Amino acid sequence: MAEYVIETQGLTKRYTRRNEAVKSLDLKVPKGSVYVFLGRNGAGKTTTIRMLLGLLQKTAGKAEVLGLDPDKNPVPIKKRVGYVADNQKMYDWMTIQETINFCRPFYPTWNNSLAEDLLKRFELPKRAKIKELSRGMNGKVALLLALAHQPELLILDDPTSGLDPVVRREFLQGIIEIIHQEAKTVFFSTHIITEAEQIADYAGVLEEGKLLLSQPLDKLKDSVKQIRLIFENKVPDDVSFPGLLKKELVGHELVLTVKDYAPDALKSLARFNPKSTEVLDLNLEDIFVSLVGKEAVA
Amino acid sequence: MKSLFWKEWRENRTNLLIGIMIVIGFLLLSFFVSGDMVDIAKVLALVAIFAFAGVFGAWSFTKEKNTLEFFLSTPVKRETIFLNKWLSGILNILILLSVVLVMEAVIFYSTGGFNFLFHLRQTADNRILAWSLPAYFLYYNIAFLLSLLLFEIISAVLGGLIIYVVVAIPFVSFFSSHGPRLYHALAWIWTILQLIISLSIFLIAYRIFSRKEVKV
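Heads up: the sequence lines are chains A and B, in that order.
Numbered as in this note's numbering, the first sequence ends at 298 without a single skipped number.
Numbered as in this note's numbering, the second sequence ends at 514 without a single skipped number.
With the rest of the complex left out, here is chain B (with noise of 0.2 Å):
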């Protein structure tokens, strides 16, 4: 519903705004410097995508915290209210991640690179899908899901980034223990593990949320 996104992203903007500005800075600081800080700079700005993935989803709910009743009151189903507020913050990721993309294009060329979509499939492939989109996401709904819990933005933040850790703990380890020969099937089994995991998490939000209590 047009009301409800709107809403949504009247709330988000100068979280996306600072985040934009983070990642674009990142980047342009990668074209200014050379040898492994150029690679520094890129990666640091695919975690500052990490740390807004975990705030968008820390702020869904959080913002609701005095407002939830009025918000709940008006003849809105719980599932419309759920997946505008879900989508919104899915969405902020997918804006970041087009902002990398749309730089490291105009990097590209502008350092002299020809092929661009031969880059763009190999950045898409071992960062963006197999690393940075599933962990985003994760983090994302770990987040929201500890907002909706909660209701507060510092405990939802490191509550997410403490539970994505745990998570991936694991799996770090034994792809440490194995070396890059089983990079690509580790990747790609953590992506589908990640997703599975950020799936369940969604369906326990949904769950709870379609049961919450405005509670006295």
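Looking at chain A on its own, in the form it has when it is part of the complex (with noise of 0.2 Å):
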């Protein structure tokens, strides 16, 4: 059985000659983890998920859903894939009802009590129309069809972008609650760092289509660390250190965020001699705006 269920190598969407969206990317999801996709609005994070379900062609690379080609296979993946959209529109005028009843034929793997079971845990009316329904009701709907027929892979575009903070919460409690239960390979896009880390165990950072990095979460939490220096007198310019992402000069103090942090290579911040020197874990927030935020090191 195939170790990772997405497996991409020089994936690339041009829209235009100057439109790269998606630049040579090289992703591997492994099976069975939750795998958070972070990234900036406009980063290439849709376009990679829709070049993977075959919604968008790629024009150079190769990439591997369940171990398939998108391109050529897109109906054999979509049946075992489950894929909420970023603000997923349905057919406004059917009924929640509807909606599962037009869907179930789609999919040979149907599970009508677990339809049953998420309308009841989602607390989802079925006779309401899909028009009727808030923003929140609408993911959960998005989520009950892409549950329903006990996909292999679960993909997320973004599913709570522009739900408030708590029917976010509840969303996230329903995806924590599934794959707990069904232990499922979850493929989740994000913008909102702190659900992110709530749920995922692997991250990978995407910024202008090129993916920063991708590895495991506590990994990546063990390599990027913030190192504060403080200093006496004035603070030295050429203070600088392997993996440097960003530097931010407060007073005397002196922080630098670095990735691939090593203990052994403090030793080289000793000639500038600062009065104290800590490393500070990050959390997931932090760790991503030092990758793309504006004042990162190039």
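Heads up, some of the hints might be wrong.
From the derived model, a few chain B residues whose C-beta atoms are all more than 12 Å from chain A [unchecked claim]:
hint	residue
1	Met335
2	Ile338
3	Pro373
4	Leu385
5	Ala485
DSS-like cross-link-like pairs, simulated, lysine-lysine; straight-line CA separation at most 27 Å [what the hints assert, rightly or not]:
hint	chain 1	residue 1	chain 2	residue 2
6	A	Lys62	B	Lys375
7	A	Lys28	A	Lys79
8	B	Lys363	A	Lys79
9	B	Lys513	A	Lys72
10	A	Lys89	B	Lys363
11	B	Lys300	A	Lys129
Quick caveat, the hints were computed from the structure, so don't treat them as lab data.
Quick caveat: nothing in here was measured; it's all calculated off a predicted structure.
Glycine included, each C-beta is placed from N, C-alpha and C at the ideal position.
Assembling the complex is the task here: the two chains are given apart, and the hints tell you how they should meet.
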């Protein structure tokens, strides 16, 4: 059985000569993982996901989802993948039950009792029309449709964007419960980092179509650190460190954000004579901002 | 697929009902008027079907403007989605035509007609087959293609009409200059020509849809 459910090599999408949305993406999503795909708006996350589902044709490179090429086998992939799009628009004239009835015949693995269970769990009124639903409820219907056919892989494209914090938490709770119960592989794109941190065990950061990093979340947190140096006098201008991502100066305090941190490298800072040196852990949001923020060292 | 056909039916039924009511309205009018007005009312019924053929074609993809991603993310072959949409529109046109034929039969009998099959054959030869049906198919196909390209109903209806007129002008002007003696020959040439153009447009639309990308 394949080790990775999603594997891309040099995946590229060029809309026009000047507009390259995804640039030579090498992505590997391990089976059974919850992979969070981070990036700012317009980073290329949605384009990547649409290529993985065969909704967009790749310009170059290779892509495999569940061992199949999305350009050649989009239908078999869609049968085995549950997909929730960013602000998914369904047929607003249909009721929830009609939407379920419409989708059910497309999936040989559709589980009616699971669909009923999800309807109850998400407190969705069957007879309500899609156009009458709030954005949160709409997202829950989309999640129900993505889950009721028991997919091997769940792809969620920024499913909580535009939701208020309360609904977002409810929605995430639903996802977390399902992940724990079903032990599925989840590929989860978002630009809201705090929610990603709650559920992910792998992270990839995309910026301007390029994958800046992709690794287990624990390893990422171990490797990206902040080093706080406090100086008695003026802060030297030439302070540097291997894998420097960001450098912030506040008074006599210099904060370095570094990747591939290794304790041994701290010795190299001794020559600048700091009064004190402190190594700080970062949360995912800080890491993300360090990687893609404006102050990031090129 | 039943589920797809049900969706198309639900989305088209209002347009179809309006079309049926308008067509019946014109045919009923022909029952109550006399002289030239009888033929004018019948022709208006056929023109109404022509207009609705454009609406059915234009509506096909316009209604999917916001839902195309959701639709295409379902595991249904694109050719199935495409054919289902196309056939649904064609069926609606045929339903409207059937209404005309049934209503004409009713009117024919109620006004003392006795050989309906002969009357039907005349109607079918001259109006429905030679003139109306290929015109409906052509206009429908043009509007169908434009809706796929533009996702905008007014543009697809009007654009389709303009293109249809541009295509039809050479034939109409040729017919006008040669008079009714070439009527039958020209009618059949025009019929076949319209069907060929319709088929070509259908194939172009199919090719476009099979490669259609859901852009970000």
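Hints and how they fare:
no.	hint	result
1	Met335	40 Å, holds
2	Ile338	37 Å, holds
3	Pro373	4 Å, violated
4	Leu385	18 Å, holds
5	Ala485	42 Å, holds
6	A/Lys62 <-> B/Lys375	22 Å, holds
7	A/Lys28 <-> A/Lys79	21 Å, holds
8	B/Lys363 <-> A/Lys79	23 Å, holds
9	B/Lys513 <-> A/Lys72	19 Å, holds
10	A/Lys89 <-> B/Lys363	10 Å, holds
11	B/Lys300 <-> A/Lys129	21 Å, holds
Violated hints amount to a single one, hint 3; each of the other numbered hints is respected by the structure.
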